Amino acid sequence: MWLPSKLLFIFSEENDNQLALTQAVIMAKNSQATLTIVTVVPTILDTEAILPDQVSESDLHLSVVEKHNQLLHKLDESYEQIHIEHKLLQGVPFIEVIREASAGEYDLVIKSADDEGLLNRMFGSSDMRLLRKCPIPVWLVQEKSMAAEPAKCSVVLAAVDASENYPQQELETRNALNLNVIEIAVSIALAESAELHLVSVWTANYESAMRGPLIGTPKEEVDRYVDDLKHRHDESLNRLLTNAYELLGEDVEKFIKPKIISLKGSPRKKIAEYAEQIDANLVVMGTVARTGLAGFIMGNTAENILLQLQQSVIAVKPKGFISPVL
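Per the working numbering: the sequence shown = residues 1 to 326.
Calculated from the structure, these hints are not laboratory results.
As the structure is a computational prediction, the values presented were derived from the model and not from experiment.
Hints may be right or wrong, so weigh each one.
Simulated pairs of lysine-lysine, DSS-like, Cα-Cα distance not exceeding 27 Å [said to hold, decoys possible]:
(1) LYS74 - LYS87
(2) LYS219 - LYS144
(3) LYS257 - LYS219
(4) LYS269 - LYS254
(5) LYS219 - LYS67
(6) LYS230 - LYS259
(7) LYS152 - LYS264
(8) LYS144 - LYS230
(9) LYS219 - LYS259
(10) LYS219 - LYS319
(11) LYS29 - LYS87
(12) LYS152 - LYS259
(13) LYS6 - LYS230
(14) LYS29 - LYS269
(15) LYS254 - LYS144
(16) LYS152 - LYS219
(17) LYS74 - LYS254
(18) LYS67 - LYS87
(19) LYS230 - LYS257
(20) LYS230 - LYS264
(21) LYS257 - LYS29
(22) LYS74 - LYS29
(23) LYS219 - LYS230
(24) LYS254 - LYS219
(25) LYS230 - LYS152
(26) LYS230 - LYS254
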């Protein structure tokens, strides 16, 4: 079972960090993990020309720690029971976060999601860069997606790709990533006593053309084609779930009783629509299905799904992902 031992929380001057930090503290308590809170500021050399002579890097660090502590004191959750460290990083925020997460061997990066418009999200916000390039799972907390109870995840959606129509090496990577997504989602659902939905989307690529006047395939044949695709997908999904329960233990299935959902259509639309339909608080999904390629970022499908989601998201990379900033 996935149980994080080191959490990295990103304090952002531009966001209301309280809900996301509450979630980080709750997770640290539940998993007995250490929590490191970091703030990233511009490199001192870039700003020292305008800093008063009496202001030192040590002063900046003390100021950052004070801001962290002020926020901690506001939490409903008790944080004295967990080990908390404070760090001041200098440089480009998403780059320094990725470097710290990798060097410190953290299990999860947690951050309040930036409140940005769609255009900013599409064209390179700090959050999207973090999702694309961080090898460690990233949890972006959307305040409006959380349940009324502070930081409560009452409905968790795990999005997996059960299709087996890939080259063998990529298929193995995708299967491992699917299992990791399920493992993280199950762990959070158990900790939060949440409802869990395991969702996979399948597509009948040629159905529309076959039903159209140009090809004019008989309805019965098209129906058989679609039914066959659904049957193959559902069999693949069942194999994935069998592997997941073998990994996590059969008691997990009995205790959580996840809802298994097979949807027909475009993943980039169906995942977001279903998340809205069930009032999901959190979506856990993989973002890259190839490894060993320096600079390889999220696939278009994963990125389009993320851009449409209004929920908090945990984005997971496969083992062996090489971040272009490391």
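Each hint tested on the structure:
1. Taking the CA atoms of LYS74 and LYS87, the gap is near 20 Å; set against the 27 Å cutoff, the hint holds.
2. With a C-alpha separation of about 45 Å, the suggested pair LYS219 and LYS144 falls outside the 27 Å cut-off, and the hint is violated.
3. Restraint check for LYS257 and LYS219: not satisfied, since their Cα atoms lie roughly 37 Å apart, outside the 27 Å limit.
4. Using a Cα cut-off of 27 Å, the hinted pair LYS269 and LYS254 is violated, with the two alpha carbons roughly 30 Å apart.
5. Proximity of LYS219 to LYS67 is assessed by CA-CA distance (about 66 Å); at most 27 Å being required, the pair is judged violated.
6. The straight-line distance between the Cα atoms of LYS230 and LYS259 is roughly 18 Å, inside the 27 Å bound, and the hint therefore holds.
7. As the CA atoms of LYS152 and LYS264 are separated by approximately 30 Å, the hinted pair breaks the 27 Å bound.
8. About 35 Å separates the Cα atoms of LYS144 and LYS230, which puts this hinted pair outside 27 Å; it is violated.
9. For the given pair, LYS219 sits about 32 Å from LYS259 by alpha-carbon distance, which is inconsistent with the 27 Å threshold.
10. In summary, the hint linking LYS219 to LYS319 is not supported, as the alpha carbons are separated by about 44 Å, beyond the 27 Å threshold.
11. Restraint check for LYS29 and LYS87: the C-alpha separation of about 20 Å stays at or below 27 Å, so the hint holds.
12. The straight-line distance between the Cα atoms of LYS152 and LYS259 is roughly 19 Å, inside the 27 Å bound, and the hint therefore holds.
13. As the CA atoms of LYS6 and LYS230 are separated by approximately 41 Å, the hinted pair breaks the 27 Å bound.
14. Proximity of LYS29 to LYS269 is assessed by CA-CA distance (about 36 Å); at most 27 Å being required, the pair is judged violated.
15. At most 27 Å may separate the alpha-carbon atoms for a hinted pair to count; LYS254 and LYS144 exceed this at roughly 31 Å.
16. For a cut-off of 27 Å, the pair hint linking LYS152 to LYS219 is broken: about 48 Å separates their Cα positions.
17. For the hint pairing LYS74 with LYS254, the CA-to-CA distance comes to about 38 Å; that exceeds 27 Å, so the pair is violated.
18. Straight-line distance between C-alpha atoms of LYS67 and LYS87 comes to about 12 Å, which keeps the hinted pair within the 27 Å bound.
19. Restraint check for LYS230 and LYS257: the C-alpha separation of about 23 Å stays at or below 27 Å, so the hint holds.
20. Restraint check for LYS230 and LYS264: satisfied, since their Cα atoms lie roughly 8 Å apart, inside the 27 Å limit.
21. Taken as a hint, the LYS257 and LYS29 pair is honoured in the structure, with Cα atoms around 25 Å apart against an allowance of 27 Å.
22. Simply put, LYS74 and LYS29 have alpha-carbon atoms about 17 Å apart, close enough for the 27 Å limit, and the pair holds.
23. Note on LYS219 and LYS230: the hinted pairing holds, with a Cα-Cα distance of about 16 Å set against a maximum of 27 Å.
24. For the proposed pair LYS254 and LYS219, the alpha carbon gap of about 41 Å is over 27 Å, so the pair is violated.
25. Distance check on the hinted pair: LYS230 and LYS152 sit about 35 Å apart at the alpha-carbon level, beyond 27 Å; violated.
26. The hinted pair formed by LYS230 and LYS254 meets the criterion: a straight-line CA distance of about 26 Å does not exceed 27 Å.
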